[in-house]
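S.K.: We have chain E; now place chain A onto it with these hints.
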Amino acid sequence: MRIIKYFLSLTLLLIFLQTALLSAEEWEVPADKAKRTSPYLFDENARKKGEDIFKRSCASCHGIPGQGNNIKSLVPIPPDLKEAKVQKRSDGELFYMITTGRGAMPSFKNSLTEQERWQVISYIRSFNKDYVQPPLAKLVDSAKLRSVQIIPFFDTVKFKVSVLVKAFQKTDTLPLPDAEVSLFVKRYFGNLPIDSIRITPSNGKVTFNFPSNLPGDSTGNIQLIVKVNHEMFGELEKLYVAKLGVPTIKPPLTEKRAMWNVGKKAPLWLIFSYLIVVGAIWFFLVRIILSIRKIKQSGKNPKL
Amino acid sequence: MSVANEKIVSDLLKPIGYGKGFLIWMSFLTAILIACLYAYSIQLREGLGVTGLRDYVSWGIYIANFVFFVATSLIGMLISAVLGLTNIKWASPLARIAEIISLAFAAVAGLVIISDMGRPDRFLYLFFYGRIQSPIIWDVTVVTTYVVISILLLYLPMIPDIALCRDRLTHLPKWQRKIYEILSVNWQNTPEQQHIIRQGVKTLLILIIPVALAIHTVTSWLFAVTHRPGWDSTIFGPYFVTGAFVSGTAAVIIAMYVFRRIYHLEQYITAELFDKIGKLLVLVSLVYLYFNINEYLVPVYKLKHADAAHLHELFQGRFAILYWSVQIGGLLIPIILLLFKPMRRPLPLFIVAIFVIVGAWFKRYLIVIPTMQHPFLPIQNVPIEYQIYKPTLIEIAITVAPIILVLMIITILSKTFPILPIQEVENHENN
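Residue numbers (this note's numbering), protein chains in the order written: chain E, 15 to 318; chain A, 8 to 438.
Source of the hints: derived by calculation from the structure; they are not laboratory data.
A quick note: this is a predicted structure, and the numbers were derived from the prediction, not measured.
All C-beta atoms in this analysis are idealised placements derived from N, C-alpha and C, irrespective of residue type, glycine included.
Check each hint, because a few of them may be wrong.
[As the list claims (entries may be wrong)] Straight-line Cα separation of at most 25 Å, PhoX-like style, residue types lysine-lysine; simulated pairs: (1) A:181 / A:348; (2) E:123 / E:252; (3) A:185 / E:314; (4) A:181 / E:310; (5) E:252 / E:180; (6) E:308 / A:185; (7) E:102 / E:49; (8) A:209 / E:308; (9) A:185 / E:310; (10) E:257 / E:172; (11) E:184 / E:200; (12) A:21 / A:181; (13) E:310 / A:286; (14) E:314 / A:422; (15) E:252 / E:172.
[To be verified] Among the chain A residues that face chain E by a calculated CB cut under 7 Å, a handful are: (16) 33; (17) 131; (18) 135; (19) 138; (20) 148; (21) 151; (22) 193; (23) 195; (24) 214; (25) 239.
[Unchecked claim] Derived Cβ-Cβ restraints for the label pairs, each shown as a range: (26) A:397 / E:75: 35 to 45 Å; (27) E:118 / A:305: 39 to 49 Å; (28) E:255 / A:305: 24 to 34 Å; (29) A:387 / E:278: 34 to 44 Å; (30) A:124 / E:128: 23 to 33 Å; (31) E:125 / A:301: 50 to 60 Å; (32) A:391 / E:146: 35 to 45 Å; (33) E:231 / A:312: 17 to 27 Å; (34) A:312 / E:125: 31 to 41 Å.
One chain only, chain E, in its complex shape (with noise of 0.2 Å):
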């Protein structure tokens, strides 16, 4: 009993320490990663979709740079990113941190395309006066990333997704090795990642396993993502439907008649209740109403 108490302290300490360690810790990226750059130039068109993302996905708890609105409950503190310490940080590291995510930081490697992410660095710059961009990193040959083909297979039975990778390599369009292949279900918050991240063998084909009970639309359709992502060819995104879900049919909350529902699907009883009501008063409002005349007939040749 004695060890198990030990333990169970020893485990609780642990986990404080390990909160607090990181929410004081500095976020260190590594060398090769902190020194990459930008391959796009950060000019107002790319400020601005990074300023539509930023808002859609950081805002929230980094709030508007420079106005110092981000959530301060938290632990630790998502920090305005106008501040001095956010912006000495090099492009690289900021690319490092969006992608990976840290604690309650998600990782936006999944929901952000790496030229969407590096927009957002963009907008995160226009903060900072004294910030002039480094040199462009080389981006891949547009022609090479052209030749890249996605074929991919689904298994509707047996819930397998295969992927083949072509490209045109030396002089004919071949399957392409070492490209790296990640599946993904499109959702409405972020991408669900669906089994693991492939490396394509010599024959360019991959095959994830994928789950049975994901629920689609009403005829089992889902929408899928793959992303390739080659050294050479660069990083590739196609979006693709298959019956792989589970027919799913949500009658919508105002099919049915309802208080909360439009005038025209008012509840049954309700209208009837109404009616009935109004209608009895008014029928004998009416019959006094026209007693009234009876009262003035009578008066012409009253029968005394």
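M.R.: Here is chain A on its own, set in the frame of chain E:
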């Protein structure tokens, strides 16, 4: 007709006619009304921005005024129907005053609502696009019905008196006598005619009870069907109805006193009548006090998060002075004072009734406004004038207009028809 009855008829018909005093009083009211209408024309042109209404408090003194009007209009039901059907004889001479007050307040209440609309030209959209699920539709239905019942309940028992005006008031201008002739619908006092009126009035007296309860319960539901602190209450319906009886009784007392003084009806609106209705005011105020204790003590005991902020504002915060003045000066002290017989003499009772009715108006203010200043989801970075409601001069003028209208309606009706039901008074005197 006996000599005594002859005197009653001539006394009660005496105030009728548009004399000098009437013209001066009406021109005074008209002048104020024109000023108020000018304020309304500004609101029509510029929109609701000229009022103190903003995103936080979108129901200001207009809606407080509306609730007060609907409340006061309930008195016809209490005096005519509840006391009438239970055969409480002393109240029967007051039935017409109560009905005139009911009709005036109920008819004008609808106009008050329209003054709260930024685009009154869209009022009819309510009927084209309204949802039957909305208490606002129920409110419109029931207010309209109540106005019609009030008109009938004023008119039907008055037909014999109108006939009397037609036959007796030969000195009046021709057009006025023509009106009496049309409205008296060939009244010959035949048994058949009497029967029709008796039947009609009886039906109306029964109908008016549920409709009057409905009109103010539905008005309370406009608030109570929300989650907001101060409104989210299951007793809001009866709380409003009992409050209505307080302000209505006070209104009748004020009208009684004024008519008695101006029309020299001391012999008919007797000190004894004041004593009786003073007791009625104590009764309805005690019931209202009971509902107030329920409405405030139970949430105070639990002090749920949102309620706590609201109640703190009322008891100790920004509204504390108004709140305690209304509760103590408009309810508690009147109850205590009226327990003593000397305080139920006409003049003291009249003064107490003024305190009660002013308190009743501000009570509606306290029901509507403080809750709106505490939304569950506060708007961020709003200017301070959004959070603290302050009615503008234009808004106050537009709120005064309906009160002027009510006074005009009451004045015209009381100068056109006998303010006391002649037959009831005869029966009363003869017994």
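S.K.: All hints are to be evaluated individually against the structure, with a verdict given for each.
M.R.: The hints, checked one at a time:
no.: 1; hint: A:181 / A:348; verdict: violated (48 Å)
no.: 2; hint: E:123 / E:252; verdict: holds (16 Å)
no.: 3; hint: A:185 / E:314; verdict: holds (17 Å)
no.: 4; hint: A:181 / E:310; verdict: holds (21 Å)
no.: 5; hint: E:252 / E:180; verdict: holds (14 Å)
no.: 6; hint: E:308 / A:185; verdict: holds (20 Å)
no.: 7; hint: E:102 / E:49; verdict: holds (13 Å)
no.: 8; hint: A:209 / E:308; verdict: holds (17 Å)
no.: 9; hint: A:185 / E:310; verdict: holds (15 Å)
no.: 10; hint: E:257 / E:172; verdict: holds (12 Å)
no.: 11; hint: E:184 / E:200; verdict: violated (35 Å)
no.: 12; hint: A:21 / A:181; verdict: holds (18 Å)
no.: 13; hint: E:310 / A:286; verdict: violated (41 Å)
no.: 14; hint: E:314 / A:422; verdict: violated (28 Å)
no.: 15; hint: E:252 / E:172; verdict: holds (23 Å)
no.: 16; hint: 33; verdict: violated (29 Å)
no.: 17; hint: 131; verdict: violated (15 Å)
no.: 18; hint: 135; verdict: violated (10 Å)
no.: 19; hint: 138; verdict: holds (4 Å)
no.: 20; hint: 148; verdict: holds (6 Å)
no.: 21; hint: 151; verdict: violated (10 Å)
no.: 22; hint: 193; verdict: holds (3 Å)
no.: 23; hint: 195; verdict: holds (5 Å)
no.: 24; hint: 214; verdict: holds (6 Å)
no.: 25; hint: 239; verdict: violated (17 Å)
no.: 26; hint: A:397 / E:75: 35 to 45 Å; verdict: holds (37 Å)
no.: 27; hint: E:118 / A:305: 39 to 49 Å; verdict: holds (41 Å)
no.: 28; hint: E:255 / A:305: 24 to 34 Å; verdict: violated (57 Å)
no.: 29; hint: A:387 / E:278: 34 to 44 Å; verdict: holds (37 Å)
no.: 30; hint: A:124 / E:128: 23 to 33 Å; verdict: violated (55 Å)
no.: 31; hint: E:125 / A:301: 50 to 60 Å; verdict: holds (54 Å)
no.: 32; hint: A:391 / E:146: 35 to 45 Å; verdict: holds (43 Å)
no.: 33; hint: E:231 / A:312: 17 to 27 Å; verdict: violated (41 Å)
no.: 34; hint: A:312 / E:125: 31 to 41 Å; verdict: holds (36 Å)
Checked against the numbered hints above, the structure breaks hints 1, 11, 13, 14, 16, 17, 18, 21, 25, 28, 30 and 33 and satisfies the rest.
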